[in-house]
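A.B. asks: Take a look at the letters that make up each chain.
Protein chains: 2
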Amino acid sequence: MVTSFVHGAGPLIRKLERLIRLDDDERRALDQLPLRVATFDPGQEIVRQGDKPQQCVAVLEGFCSASKIVGDGGRQIVSFHIPGDIPDLQSLHVAEMDVSLTALTQTRILLIQHEDARRLCAQSLRITHAFWRETLIAGAIAKEWVVNIGQRDALTRVAHLFCETIARLDVVGLADDYRCHFPVTQEKLGEAMGLSTVHINRTLQELRGRGLISWERGVLEAHRWEDLQQVGDFDPGYLSLAPDWVVLR
Amino acid sequence: MVTSFVHGAGPLIRKLERLIRLDDDERRALDQLPLRVATFDPGQEIVRQGDKPQQCVAVLEGFCSASKIVGDGGRQIVSFHIPGDIPDLQSLHVAEMDVSLTALTQTRILLIQHEDARRLCAQSLRITHAFWRETLIAGAIAKEWVVNIGQRDALTRVAHLFCETIARLDVVGLADDYRCHFPVTQEKLGEAMGLSTVHINRTLQELRGRGLISWERGVLEAHRWEDLQQVGDFDPGYLSLAPDWVVLR
DNA sequence: CGGCCACTTGAAGAGCGTCAACAAAAGTGG
DNA sequence: CCACTTTTGTTGACGCTCTTCAAGTGGCCG
Chain A
1 MVTSFVHGAG PLIRKLERLI RLDDDERRAL DQLPLRVATF DPGQEIVRQG
51 DKPQQCVAVL EGFCSASKIV GDGGRQIVSF HIPGDIPDLQ SLHVAEMDVS
101 LTALTQTRIL LIQHEDARRL CAQSLRITHA FWRETLIAGA IAKEWVVNIG
151 QRDALTRVAH LFCETIARLD VVGLADDYRC HFPVTQEKLG EAMGLSTVHI
201 NRTLQELRGR GLISWERGVL EAHRWEDLQQ VGDFDPGYLS LAPDWVVLR
Chain B
1 MVTSFVHGAG PLIRKLERLI RLDDDERRAL DQLPLRVATF DPGQEIVRQG
51 DKPQQCVAVL EGFCSASKIV GDGGRQIVSF HIPGDIPDLQ SLHVAEMDVS
101 LTALTQTRIL LIQHEDARRL CAQSLRITHA FWRETLIAGA IAKEWVVNIG
151 QRDALTRVAH LFCETIARLD VVGLADDYRC HFPVTQEKLG EAMGLSTVHI
201 NRTLQELRGR GLISWERGVL EAHRWEDLQQ VGDFDPGYLS LAPDWVVLR
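One line per chain: the protein sequences are A and B, in this order.
For the record, in the first sequence the residue sitting at position 210 is 210 according to the UniProt record's numbering, with numbers rising by one throughout.
For the record, in the second sequence the residue sitting at position 133 is 133 according to the UniProt record's numbering, with numbers rising by one throughout.
Bear in mind the hints are in silico, worked out from the structure with no lab data behind them.
Among the hints, erroneous ones may be present.
Keeping only pairs whose Cα atoms sit at most 25 Å apart, straight-line, the calculated SDA-like set for lysine to any residue is [unchecked claim]:
no. : chain 1 : residue 1 : chain 2 : residue 2
1   : B       : Lys52     : A       : Glu134
2   : B       : Lys52     : A       : Lys188
3   : A       : Lys188    : B       : Ala154
Assemble the whole structure, with the sequences as input and the hints as a guide.
C.D. replies: Now the structure itself:
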């Protein structure tokens, strides 16, 4: 892990701007936050389950997953994180990490000391609420994952995840015409969906065979968005996409 | 739904005291909150998915579930709520409810107008953080449900839920010697666990047959807590039961 | 007593997991 | 640049967990 000091929380500000409108004071406070940037290679753990971190991380570039290990050695990915996400905001209030964060690609991460984040919250109630809202939306996504894994068959489940991913990436400008980078192996997709790698593979063949998606070398594309949404039983409401969100058609 | 006006947020204060240390000013502010109490019968919906409520609810007595409907008509329960919970705090920040709240038993509910909750947050940053922490723990529980449903077989899954339920009820003094009220039908348990009623029934027989639990007329008892924990692959860490009193100034 | 709801049981089969082998791609070192 | 290794993707066969359907039992309340 290589870190360097930087000033100016550009991407963080853009993220918050999607949650609330910032005034000049708030923007200045954010801009003066002492920040560090760290770079992680694919497969590296950014934070480990059980850690008691003294800082929060925000994803600047790259993709990560949050996962938990179960007794028999299995692993469940409970969320994917994309640029703009602050995956462990919870560590501000819950001492011990309940998940491990792992880089899926080369990833640039912003580190914010808890101390600084708390000072920022004390300075601006609105920023506090913006952070809180961020964690609430993460919770809404987790609930939808419970629904997805609990109720939907493999085909619907995977289609739903693809819709969710494209919709979230679109908001941060990382999906173009239902096409985005989704650098996940079939094994990891299985760990996220509660399915075996073999069954993921067959499910993907079905989705491809129906002409709904292509997914090669980490690039995912939905060919018929409406149909994919329908197959995936996907309604983006739970994502609470920012007010300037343009509804995908 | 019958409502009446009350003053004094006793149970709410007790709940917050578990999240954060309150000072006298804060206790006074809470005590002066204008509150209403509503009573719901079993099966009644308290808030409906898609609603845009102007108030939050806190459970005083009784049990509720939060559930989402999927396209094919199925239902997934994403959480159970017990006295002391504030199941829809999210509505303070996310306009539209992503779940329906349903009373499982006769339930007494405290209603807090958003307006009042917001004023309270503005008065005390520490109360804001306490509410935020409450939602973070709810998120941690949702993540564990993803793990439970995604990775564990029926027996482990149900055992895990029983452990979680007993552990949570114990904190609010509603479990005595691993014995508690758990007024849920097998059908609803199936909706929570992503399993059919038939398979829930057989799983319960297995748990009973192993002498791990009894569950009759809504009263759940763990006979060998340690063994049940082991069968359920249960580690209570994610519940953040021990208040680690994150220092907020 | 009758009706309803929750629980129970059996039988058959679907969906998905596991195992094992192989193919293709991507990384690695000379 | 090529040979090697490792990782990721693909396929077939088989079997287990869980679902579905259908029938039946037991308790509770009007």
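A.B. asks: Does each hint hold? Answer for all of them.
C.D. replies: Against the structure, the hints:
1. B:Lys52 <-> A:Glu134: At roughly 19 Å apart (the allowed maximum being 25 Å), Glu134 (chain A) and Lys52 (chain B) satisfy the hint.
2. B:Lys52 <-> A:Lys188: 36 Å, violated
3. A:Lys188 <-> B:Ala154: 23 Å, holds
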